[in-house]
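Chemist: What follows is the residue order along each chain.
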Amino acid sequence: MSNVLVRAENVHKSFGLNEVLKGINLEVSSGEVVCLLGASGSGKSTFLRCINHLESLSQGRIWIGDDVVGYRQDGNNLYELSDKHASRQRRNIGMVFQRFNLFPHMTVLENIIEGPVQVNREKPADAKKYASELLARVGLAGREGSYPRQLSGGQQQRVAIARALAMKPELMLFDEPTSALDPELVGEVLDVMKDLARSGLTMIVVTHEIGFAKEVADRVAFMHNGQIVEMGTPAEVLDNPRHERTAAFLSRVF
Amino acid sequence: MNSQTAQSVKSNAPAPELRIVPRRHLGRWAGAAAVVLLLVWLGVSFAQAQIDWPTVQEYLNAPALIMGIGLAILLTVVAMVIGLVLGVVTAVMRLSKNPVVSGVAWLYVWVFRGTPVYLQLLMWFNLALIFPVIGIPGVFQGRMVDLLTPFIAASIGLGLNQGAYTSEVVRSGILSVDEGQTEAAQAVGMTRLQTMRRIVLPQAMRVIIPPVGNEVIGMLKTTSLASAIGVTEILAEAQHIYFVNNRIMELLIVCAVWYLGAVSILSIGQYYLERHFAKGSSKQLSLTPVQRLKNFFGTNRKALR
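Chains A and B, in that order, give the protein sequences.
Quick note: the first sequence uses the working numbering, first residue 1, plus one each step.
Quick note: the second sequence uses the working numbering, first residue 1, plus one each step.
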């Protein structure tokens with residue numbers, strides 16, 4: 001395999017007494033697209049949020065490249081990074097949310113250039129130019145001046161993707177990006193994501209869209225009860241599931 | 001569908017044109033009449049009372065009173081700025097995970113909201129009794145009585161009191177912003193401070209502005225309490241005048257007019273501020289009264305042609 005970009009090692013996460021993640025191990029190579037499947041409550045989203053340290057870990061480590069996410073290792077201790085350093089790490093990790101989470105008080109253009117200008121200190125003119133290119137890429141050329149509320153759900157999600165891409169991330173995390181959309185709007189968002197996958201961007205996608213996983217994913221991981229119970233190519237996992245839970249889940253989804 | 005009404009089913013004769021009689025609102029008429037009568041009575045009483053209206057008119061542009069309302073407005077602005085800054089800081093402190101920080105913020109709100117402003121003003125004015133001298137040793141030193149002029153004491157007193165109230169308003173505003181906004185901001189690499197300043201507070205403003213507008217208006221009137229510690233704002237000036245000429249009601253009416261005028265202007269400012277922070281919250285911004293007026297005359301002119 002090519003070089004590993006994301007490596008999760010024995011990741012545990014508890015909320016109080018409730019252990020949500022029970023030792024996740026996962027390696028994602030540069031340019032790879034990995035889909036995380038599983039029933040709701042299986043810990044997919046929590047794991048995704050650990051990757052950019054929106055959630056702290058209870059145990060284990062996640063590397064992106066050579067850096068441990070959210071922590072600084074010194075001997076046998078892992079010190080949680082300051083807000084400033086954690087934010088710095090997140091610059092290279094784009095994230096797309098189920099509920100879009102666009103900034104409603106800003107126009108589409110302002111949403112996209114907010115990160116580049118405020119965080120990366122890019123020149124507004126450069127950021128605007130790149131933002132327009134990204135908007136064209138997600139099929140929303142000319143919508144710079146709209147406010148999020150004036151757009152449909154599918155359009156909002158595509159803006160959210162453009163906003164994440166504007167930071168030129170080396171990794172994109174998608175947290176059920178089509179779950180909040182009307183069925184007829186799902187396709188336009190998936191099309192954009194397929195395009196991104198083809199362009200060689202490393203992506204980790206939590207989704208219920210089995211069709212998308214089958215078509216785009218290099219590997220599929222099936223999660224159950226805080227663990228990855230089955231992992232492999234879409235053909236292996238989706239067509240010939242070996243684990244009973246995977247089989248049961250797929251039979252319910254299809 | 002419509003042609004087959006109950007009428008036309010019964011007979012094939014063309015339906016007679018029916019007159020629609022709106023419901024009579026007798027209660028409304030009676031109520032309006034009672035209110036108008038009351039107003040007339042009030043007007044007549046004022047007209048017949050021993051109020052010397054020419055005096056009212058004369059004092060309406062008395063320099064002392066104009067200076068007085070000016071001072072009241074200045075005090076309002078200074079106290080509100082102090083109050084807003086303190087309010088935002090305290091609100092953020094209240095929401096902090098650090099128990100000491102949030103505890104201190106809670107204590108501040110508890111003390112300053114729990115005691116009368118009047119008492120607080122008197123305490124600030126007499127602060128020299130506790131701290132006779134103030135300064136940084138070796139760099140600068142001064143006597144409290146010299147530094148704490150009535151105006152400064154009133155600004156600090158009113159501002160600190162306001163901060164305690166505003167912090168609750170700001171806190172509710174911050175809590176009204178969806179958690180997802182913070183996460184999205186963090187996901188593009190913003191620090192907590194950037195997130196608060198660029199993402200959360202601008203959205204919280206929509207919730208914060210209406211009550212703060214209310215508080216500004218309240219503050220303008222509360223400044224009259226500052227006369228107790230020697231700030232000669234409009235009400236103190238009026239009192240100075242009517243102690244001499246005994247035209248009590250006349251001067252109080254003048255003050256009322258000035259207060260009403262100032263409050264009206266503040267309300268207009270609030271309207272436009274609210275509109276500014278409503279950006280993106282509805283699909284289309286509502287028209288301002290000015291725009292509506294222009295539209296009205298515009299369409300009217302077109303209709304006339």
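No wet-lab data here; the hints were simulated from the structure.
Idealized CB from N, CA, C, for every residue including glycine.
It cannot be assumed that every hint is accurate.
Each computed BS3-like pair below joins lysine-lysine, with the alpha-carbon atoms no more than 30 Å apart [claimed, not checked]:
1. B/K97 with A/K129
2. A/K84 with A/K214
3. A/K128 with B/K97
4. A/K168 with A/K194
5. A/K129 with A/K84
6. A/K123 with B/K279
7. A/K214 with A/K128
8. A/K123 with A/K84
9. A/K168 with A/K129
10. A/K214 with A/K168
11. A/K22 with B/K97
12. A/K168 with B/K279
13. B/K294 with A/K84
14. A/K168 with A/K128
15. A/K168 with A/K84
Looking from chain B toward chain A, a few residues come up when the C-beta cut is under 8 Å (computed) [what the hints assert, rightly or not]:
16. A62
17. A64
18. R94
19. S176
20. Q181
21. E183
22. G280
23. S281
Sample of chain A residues with no beta-carbon within 10 Å of chain B, all distances over it, derived [said to hold, decoys possible]:
24. R88
25. R90
26. T107
27. E215
28. N240
Chemist: Tell me if the straight-line CA distance from A/K168 to A/K128 falls inside 30 Å.
Modeler: holds, 14 Å
Chemist: Starting from A/K84, check that the Cα of A/K214 is at most 30 Å away, please.
Modeler: Since the Cα atoms of A/K84 and A/K214 sit roughly 39 Å apart, the hinted pair is violated (cutoff 30 Å).
Chemist: For a C-alpha distance cap of 30 Å, please report whether A/K214 and A/K168 respect it.
Modeler: holds, 26 Å
Chemist: Between the alpha carbons of A/K168 and A/K194, is the straight-line distance 30 Å or under?
Modeler: holds, 17 Å
Chemist: What's the verdict on A/K128 and B/K97, does the C-alpha distance respect the 30 Å limit or exceed it?
Modeler: violated, 37 Å
Chemist: Hint validation: B/G280 versus chain A, beta carbon distance must be below 8 Å. Holds or violated?
Modeler: Nearest chain A Cβ about 4 Å off; hint holds.
Chemist: Holds or violated: is the Cβ of A/N240 farther than 10 Å from all Cβ atoms of chain B?
Modeler: Per Cβ check, A/N240 is outside 10 Å of chain B; nearest 36 Å; holds.
Chemist: Given B/S281 was flagged as interface, is its beta-carbon under 8 Å from a beta-carbon of chain A?
Modeler: holds, 7 Å
Chemist: Given the hinted pair A/K168 and B/K279, is their alpha-carbon gap at most 30 Å?
Modeler: holds, 28 Å
Chemist: Decide if the proposed pair is consistent with the structure: A/K168 and A/K129, CA atoms, cutoff 30 Å inclusive.
Modeler: holds, 14 Å
Chemist: Using Cβ atoms only, decide whether B/E183 comes closer than 8 Å to chain A, and label the hint accordingly.
Modeler: holds, 6 Å
Chemist: Using the nearest Cβ pair, does B/Q181 come within less than 8 Å of chain A?
Modeler: Interface hint status for B/Q181: holds (6 Å vs cutoff 8 Å).
Hints 1, 2, 3, 7, 13, 16, 17, 18, 19, 24, 25, 26 from the earlier list are contradicted by this structure; the remaining hints agree with it.
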